[in-house]
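What follows is each chain in one-letter form.
There are 8 protein chains.
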Amino acid sequence: MLEDILHQVANGELSPEEAKEKLATFENLGFAKVDHHRKKRQGFPEVIFGEGKSASQIIDISRAMMNKQENILITRVSEEKATAICEEIPSFEYDQISRTLVRRYQEKLEYQLDGYIAIVCAGTSDLSVAEEAAKTAEAFGVEVRRFYDVGVAGIHRLFAHIDEIRDATVSVVIAGMEGALPSVVGGLVSHPIIAVPTSIGYGANFQGLSALLTMLNSCASGISVVNIDNGFGGAYNAILIHRLANKRT
Amino acid sequence: MLEDILHQVANGELSPEEAKEKLATFENLGFAKVDHHRKKRQGFPEVIFGEGKSASQIIDISRAMMNKQENILITRVSEEKATAICEEIPSFEYDQISRTLVRRYQEKLEYQLDGYIAIVCAGTSDLSVAEEAAKTAEAFGVEVRRFYDVGVAGIHRLFAHIDEIRDATVSVVIAGMEGALPSVVGGLVSHPIIAVPTSIGYGANFQGLSALLTMLNSCASGISVVNIDNGFGGAYNAILIHRLANKRT
Amino acid sequence: MLEDILHQVANGELSPEEAKEKLATFENLGFAKVDHHRKKRQGFPEVIFGEGKSASQIIDISRAMMNKQENILITRVSEEKATAICEEIPSFEYDQISRTLVRRYQEKLEYQLDGYIAIVCAGTSDLSVAEEAAKTAEAFGVEVRRFYDVGVAGIHRLFAHIDEIRDATVSVVIAGMEGALPSVVGGLVSHPIIAVPTSIGYGANFQGLSALLTMLNSCASGISVVNIDNGFGGAYNAILIHRLANKRT
Amino acid sequence: MLEDILHQVANGELSPEEAKEKLATFENLGFAKVDHHRKKRQGFPEVIFGEGKSASQIIDISRAMMNKQENILITRVSEEKATAICEEIPSFEYDQISRTLVRRYQEKLEYQLDGYIAIVCAGTSDLSVAEEAAKTAEAFGVEVRRFYDVGVAGIHRLFAHIDEIRDATVSVVIAGMEGALPSVVGGLVSHPIIAVPTSIGYGANFQGLSALLTMLNSCASGISVVNIDNGFGGAYNAILIHRLANKRT
Amino acid sequence: MLEDILHQVANGELSPEEAKEKLATFENLGFAKVDHHRKKRQGFPEVIFGEGKSASQIIDISRAMMNKQENILITRVSEEKATAICEEIPSFEYDQISRTLVRRYQEKLEYQLDGYIAIVCAGTSDLSVAEEAAKTAEAFGVEVRRFYDVGVAGIHRLFAHIDEIRDATVSVVIAGMEGALPSVVGGLVSHPIIAVPTSIGYGANFQGLSALLTMLNSCASGISVVNIDNGFGGAYNAILIHRLANKRT
Amino acid sequence: MLEDILHQVANGELSPEEAKEKLATFENLGFAKVDHHRKKRQGFPEVIFGEGKSASQIIDISRAMMNKQENILITRVSEEKATAICEEIPSFEYDQISRTLVRRYQEKLEYQLDGYIAIVCAGTSDLSVAEEAAKTAEAFGVEVRRFYDVGVAGIHRLFAHIDEIRDATVSVVIAGMEGALPSVVGGLVSHPIIAVPTSIGYGANFQGLSALLTMLNSCASGISVVNIDNGFGGAYNAILIHRLANKRT
Amino acid sequence: MLEDILHQVANGELSPEEAKEKLATFENLGFAKVDHHRKKRQGFPEVIFGEGKSASQIIDISRAMMNKQENILITRVSEEKATAICEEIPSFEYDQISRTLVRRYQEKLEYQLDGYIAIVCAGTSDLSVAEEAAKTAEAFGVEVRRFYDVGVAGIHRLFAHIDEIRDATVSVVIAGMEGALPSVVGGLVSHPIIAVPTSIGYGANFQGLSALLTMLNSCASGISVVNIDNGFGGAYNAILIHRLANKRT
Amino acid sequence: MLEDILHQVANGELSPEEAKEKLATFENLGFAKVDHHRKKRQGFPEVIFGEGKSASQIIDISRAMMNKQENILITRVSEEKATAICEEIPSFEYDQISRTLVRRYQEKLEYQLDGYIAIVCAGTSDLSVAEEAAKTAEAFGVEVRRFYDVGVAGIHRLFAHIDEIRDATVSVVIAGMEGALPSVVGGLVSHPIIAVPTSIGYGANFQGLSALLTMLNSCASGISVVNIDNGFGGAYNAILIHRLANKRT
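Residue numbers (my numbering), protein chains in the order written: chain W, 503 to 751; chain G, 503 to 751; chain R, 503 to 751; chain S, 503 to 751; chain X, 503 to 751; chain H, 503 to 751; chain Z, 503 to 751; chain B, 503 to 751.
Bear in mind the hints are in silico, worked out from the structure with no lab data behind them. Be aware that a few hints might be false.
[Stated by the list, open to error] Derived DSS-like pairs (lysine-lysine); straight-line CA-CA distance at most 27 angstroms: (1) K555/B with K522/R; (2) K522/Z with K522/S; (3) K555/X with K522/G; (4) K522/W with K522/H.
Please put together the full structure from these sequences, using the hints given.
Have a look at this one:
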């Protein structure tokens with residue numbers, strides 16, 4: 503494209519001044535490649551991190567996005583804020599457990615992905631983080647299968663579902679307390695595992711530090727870790743991998 | 503298969519005793535699926551974690567494996583140990599920087615993978631960890647492209663190579679000191695990033711804790727983290743993803 | 503001056519008792535030099551750290567200062583306290599985002615400073631700290647240019663403004679989460695950078711510890727760090743440097 | 503006994519002076535009960551913590567004990583020290599892996615204990631701590647069964663032995679790295695588990711802190727924890743429990 | 503049992519299909535052994551960890567359990583929640599100090615245990631944790647003796663009761679602040695001690711970390727530790743040991 | 503310059519192909535501005551961080567630089583390495599205390615700076631870090647005045663020199679142990695202070711953490727902090743400020 | 503006394519049974535010595551740690567003590583609780599800043615102590631802890647002189663009072679933020695200093711950890727430290743020393 | 503004295519110039535009072551902290567001091583260094599356990615102190631720190647009584663000596679591992695206790711952190727704490743108190 507502009511200058515189609523302006527745009531294109539790459543992620547909804555933003559701030563951002571007619575996912579929204587937002591924008595659906603707001607502009611994605619992501623979680627108390635992960639994946643148009651309450655203290659519950667977990671493309675494994683679940687799953691499956699420590703626990707759990715360290719030190723290979731309680735991040739990494747496996751990056 | 507056995511018992515082809523023995527095997531197959539799944543990872547070399555093992559222990563384990571005529575990768579081997587091992591088993595090649603020993607039984611993998619993994623690293627001082635990752639990927643038959651010394655303090659060096667990094671299936675991004683590189687790369691590419699903090703640094707680096715926390719807290723999406731200095735683990739996660747992208751899981 | 507007093511004693515102009523009293527003052531002058539030096543900082547407003555002080559305590563302190571007819575800056579004032587204070591002293595202006603109260607006695611400083619300080623910040627969530635820095639600098643009569651929402655995860659936004667940042671005398675760079683922004687800016691500018699970690703983040707951020715360690719370990723030279731969320735301190739250091747550059751220390 | 507003495511004084515068998523001396527002893531008996539209770543632990547060998555003591559100090563202490571004709575267990579003895587000690591006292595046997603010195607005065611205990619303690623350990627790298635536990639139990643005359651290399655990353659190895667582990671009176675479960683093994687075992691057995699974290703690991707393991715926190719936060723009930731690498735302590739607790747189960751406390 | 507089924511298939515009593523269904527059950531029995539082992543713990547009440555569960559969730563879980571006509575213990579229930587639950591299920595008894603809810607279906611256990619567990623605690627401020635331990639043991643049908651306010655700063659109070667403590671099967675020793683009590687008790691008794699650190703304290707106590715470290719580092723043998731404030735866990739370990747001593751494991 | 507090129511294309515002085523090549527260069531200039539800015543720092547020596555580099559690596563890098571005929575500063579060089587390097591490159595001067603190697607190509611800087619930097623340090627044990635700072639500043643052609651052994655425990659020593667410290671442009675204040683010196687100096691001077699914590703101390707000093715926290719929490723304004731033991735970094739920040747004050751940025 | 507009893511038994515004045523009872527008392531005297539020693543601290547008020555105790559609990563304890571007609575000091579009492587207590591026991595005086603309740607039974611101590619304790623504190627924000635110390639000392643009948651707001655950032659304020667501080671028997675030095683004040687005072691006085699870190703500060707202060715570490719690492723001799731915010735403890739240590747100096751231990 | 507000078511000026515005995523010079527001295531006397539106060543500590547030996555100083559540095563400093571004919575105490579001297587120093591200055595006596603060098607110029611102090619300091623320590627492994635304290639006190643001419651190996655795990659050994667400990671003026675109580683000893687002693691004596699944590703221990707002891715936190719959190723009053731392993735500091739505080747009790751401050 504640079505070449506074209508220069509030829510147009512050479513043959514007088516463009517004045518140097520017009521060319522300069524175009525090249526300024528061109529120069530920005532250097533960075534716009536970022537967006538171009540982002541475009542490859544077509545169908546990805548816009549995501550807003552709701553924590554620390556007021557209801558009215560979220561409404562403003564959402565309205566700006568709705569003009570673009572895109573799907574929207576908002577994470578970490580308290581029930582109170584959600585009520586205020588939904589009153590203004592009724593097309594949002596709020597999910598209490600995952601604390602997510604989702605607006606579906608396109609009911610169907612323009613493409614179809616094979617397979618599913620396994621969301622595996624240790625206890626019912628990790629549910630909120632697990633559902634943030636599940637709702638995120640679903641908002642990105644990815645099929646999710648939930649395997650909840652399969653913690654290591656009652657490992658037969660995990661075994662009852664291990665085949666279905668094995669058949670997933672990638673697993674998001676969520677655990678609080680001692681955070682041992684990813685290690686056990688990691689020894690039983692052959693696909694990548696994204697481990698999400700949660701802050702569930704008490705005493706020497708230190709707000710999730712215990713589970714975080716456990717997961718980083720896992721003796722099973724094929725496990726990588728995201729931040730404490732970061733259900734969204736866990737799912738996002740899994741989605742990128744899932745799409746790679748579908749060759750529609 | 504269980505059904506078959508029972509029918510054989512019903513029609514007298516198997517005595518109950520013979521069936522019991524078979525079912526015992528069958529029961530073990532419940533776990534053997536693990537190995538079956540592992541078999542899917544065909545062509546994967548055997549990996550030995552060399553730290554804390556003596557030269558003679560490593561020699562014994564290696565010899566047992568060589569009977570299986572498989573490729574072997576040994577990580578974290580000091581130069582002194584490597585010399586002792588190579589004297590006994592001359593088919594091993596030692597790499598000083600990555601501190602890995604590799605033995606190639608099959609020169610060529612029986613399959614061919616498209617694309618490559620990007621190994622991106624901040625400073626020359628992270629070289630040892632970066633090369634552990636690179637040598638690991640190569641031992642698994644995966645093509646690697648190295649982007650070294652592209653740290654954030656001189657970000658133009660990173661930009662000079664960003665297109666080639668973008669075209670990788672997955673990046674392993676290694677950084678010590680403040681560990682900011684994965685965040686910057688994460689904002690510029692659309693594939694998954696495995697971040698490896700290193701213990702390189704001094705003072706308030708606290709043996710890699712600083713870089714580890716930075717990576718876990720990255721505001722860029724699509725980044726997951728492995729343990730400090732765990733070049734092998736970073737590569738292993740990337741390999742799993744790379745194979746998924748090649749549909750040969 | 504000591505010499506003068508002694509001569510006055512020698513020639514009887516002062517009794518030893520009168521001289522003693524004067525010398526007591528003189529002795530205090532030893533420390534009063536501090537204030538003399540402080541006077542060099544002419545035009546500096548009085549600053550009150552509002553946190554942990556009640557509205558009525560702040561009112562009392564402010565009134566005492568107003569007698570001196572000086573500008574006043576009060577940091578860390580909650581909205582509730584601000585309302586109570588402004589009712590009593592209407593000449594205060596409250597800024598909600600930075601949580602500062604400012605009273606301008608002199609509209610114009612008696613001197614003019616060339617150039618400006620760049621306030622650079624990563625995300626909208628760091629706004630409160632960034633604005634505390636900006637309002638501080640403005641209360642000290644220093645021009646400020648704001649570069650907000652230029653975090654490393656979308657580094658092209660930073661590049662769009664890098665020339666204007668480069669032309670500042672000094673930058674105050676504010677970041678939470680992984681705190682990588684000062685390292686990136688530090689690699690692109692040649693003036694001193696004061697880095698301010700914020701407590702924005704979650705999980706393994708540990709109330710700003712992550713960003714603090716990142717900044718202390720920066721591999722870019724020319725970066726020094728102040729306490730977590732200390733927007734005032736960041737600006738104050740920048741002001742001292744800015745004035746040095748203006749030769750009006 | 504006090505009563506006896508007083509009656510003897512009353513009927514003149516003891517002078518008040520003689521009684522006083524006896525009562526002094528009696529008073530000490532208040533504390534001597536401690537030893538009396540200790541006596542209940544008959545057959546327990548004398549234990550010396552060898553770390554930080556020189557070979558000659560250990561020789562002196564051992565000789566004093568040998569006069570009492572008791573079994574002796576010395577923990578944390580380096581090979582070099584052991585050689586020096588065994589030269590002086592040839593009746594000691596040194597075990598390189600557990601770094602223990604044992605001297606058996608009585609080949610057979612004067613009583614017989616039913617059942618055994620299970621020593622379960624995750625990886626070969628925890629062997630040293632596991633063997634310190636095993637040798638300790640054996641020095642106390644307790645039967646030990648070893649279940650080594652049954653870590654959670656290959657959980658089928660654990661299942662292969664789970665029945666024999668279940669039949670133990672009590673388990674000492676040793677693990678480094680992420681320290682998840684006690685949680686898994688705890689979900690499969692119904693007896694008490696003493697968990698021993700080891701300092702084996704690297705990076706964010708922080709010298710065993712990771713495994714320690716994991717074990718303290720275990721969601722399985724019936725697990726209590728001793729200090730990092732404290733194989734002796736783990737075994738000692740198990741021995742006390744094992745004896746209780748044998749009604750020979 | 504497997505043998506029986508196979509023989510029944512061989513002699514036509516079972517069709518292969520019926521056998522398969524039975525063996526499915528059998529296969530699950532592999533893990534059901536867990537429950538079988540759990541059954542050995544006959545008379546153990548069902549336990550619910552109340553923290554993080556809503557009143558209505560607890561009511562639902564409790565009702566499901568009541569169908570099984572078992573005793574129920576619910577820990578960590580706030581007074582407010584307890585009121586709501588007791589209104590619905592009046593057979594629950596709430597204890598304010600220990601914050602436990604207990605429902606006794608069987609007034610008497612079907613067996614009788616000899617001896618008692620000592621619950622020893624340092625200060626009145628640790629009462630809540632101590633009572634959680636005591637109520638837990640009582641809910642499991644184990645006799646408890648309480649030794650409260652016997653902290654090391656007034657050690658004569660401990661000595662006044664030491665004989666009665668010594669005669670227990672096992673002690674649960676609870677302490678906050680500096681957490682030294684288990685060490686002192688450990689030097690005076692010969693049975694196992696389960697140490698429970700509490701978060702009681704201030705300043706450098708760091709929410710129980712100080713007491714936790716003290717107990718892990720105890721120079722007295724025979725002490726193992728559970729999580730901070732984990733009164734239930736402390737008691738549960740003691741109960742397992744107490745039953746072993748009663749030969750009714 | 504872009505404009506010039508376009509005009510040359512417009513009037514045929516350049517072919518579009520030649521222009522494209524030039525613009526490629528131009529595009530790189532976007533980043534080359536960095537170096538242009540760096541050029542403003544003319545006279546700055548090349549700096550090599552010597553730690554973790556072998557003697558032969560340092561020799562290679564140095565030789566490459568010597569071709570550019572620039573001054574060279576190498577920090578963190580052990581005596582042993584220095585000897586090896588000086589044998590090869592005799593023009594290097596080694597300073598044992600600061601562990602720096604300096605090679606002066608230009609005896610005189612091409613410009614002259616007014617004023618000086620104060621290097622203030624608490625104890626003789628911080629000398630190594632203080633001298634690294636001092637030698638760095640001198641290698642950059644900046645005058646340094648040393649105020650050593652003026653720690654807060656003997657504050658009269660500080661007062662004896664306070665006027666000379668006050669007259670510096672900027673102070674680098676270095677302290678280990680409790681790290682209180684910057685706070686005290688900060689209350690007595692009106693210029694910016696760069697605080698450098700050192701790892702000197704023992705016990706609860708935790709390798710400099712104590713001094714680092716002290717400095718970050720200083721109640722004196724005008725203090726910013728660099729990494730533990732980072733004498734070079736402290737000086738570098740001071741040099742940038744000193745040059746600003748000299749209007750030769 | 504033991505001797506007397508035995509002689510009485512010998513000559514029939516006491517029956518063995520009567521003697522036994524007496525000796526039981528005697529045995530307890532072994533520990534009663536503690537109280538005897540405590541009696542040496544005559545005039546010491548009873549002290550109650552109010553935190554974590556309800557108003558009614560405090561009222562009960564206080565009433566029991568009032569029967570003994572002693573002075574009472576209650577620390578850490580919130581205003582709300584104090585109001586409730588004073589309604590029931592009007593003889594209590596509440597101090598809002600120190601949050602102490604004091605009841606004076608004896609207006610005058612039966613003895614007179616020479617000299618005074620200096621309570622030195624850095625900032626107005628440490629006032630609450632300083633006043634807890636001051637009120638404690640006064641409740642123990644010890645004269646106190648207050649030196650407030652003499653922090654190291656304005657060290658001339660400290661110098662203005664240094665002579666009066668020097669003349670104290672012992673100083674309690676209280677500081678938050680960077681906690682440097684005890685080091686400075688320690689270099690200027692020759693009596694013992696009890697340092698009290700406070701949790702005042704923000705960011706990297708970590709609830710007083712920063713000040714605590716500073717004080718423990720002080721390079722001035724003659725400083726010992728108590729827990730964070732422990733104004734009572736600081737004063738109590740000072741009182742013990744002050745009494746020693748008055749020879750009325 | 504100021505008054506005198508002024509009068510001399512007034513009556514011509516001093517010229518203003520002479521007075522100025524004298525007053526300069528006088529001004530310095532402001533700080534010299536420090537030394538004057540120090541002089542009150544007459545008989546105190548010079549103390550050198552030997553760690554981090556070379557043998558030749560120590561020899562130089564010692565020689566300078568010997569001119570002053572004072573006693574000298576050097577702490578933290580390794581055996582190797584001590585040998586080198588004693589060869590040069592044979593009047594030094596080295597003590598291997600405490601690692602102190604002492605030179606006695608005056609055999610007898612010019613004054614006599616009543617009473618003694620108790621040095622109480624938990625285990626033989628804390629001996630080095632305990633002896634550093636003891637040798638320090640003796641070098642200052644203070645009588646010391648040693649109570650070693652009286653740890654809380656065998657508390658009857660402590661009780662055997664408690665009366666003699668009670669009769670000391672002040673106790674220095676030293677403990678590693680869990681550090682509980684000061685709390686126990688604190689409950690039994692009525693004089694001040696200086697607690698010294700040691701780094702003796704392993705695993706979760708974290709180089710003395712465990713003992714340090716225990717001591718800071720002691721529920722016994724009258725305990726203050728110095729840095730880890732700081733035997734000298736513990737003794738120094740005790741000496742200051744001991745002298746106060748002797749009215750020879």
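Hint check results:
no.: 1; hint: K555/B with K522/R; result: 47 angstroms, violated
no.: 2; hint: K522/Z with K522/S; result: 13 angstroms, holds
no.: 3; hint: K555/X with K522/G; result: 46 angstroms, violated
no.: 4; hint: K522/W with K522/H; result: 13 angstroms, holds
Consistency note: the structure conflicts with the earlier hints numbered 1, 3.
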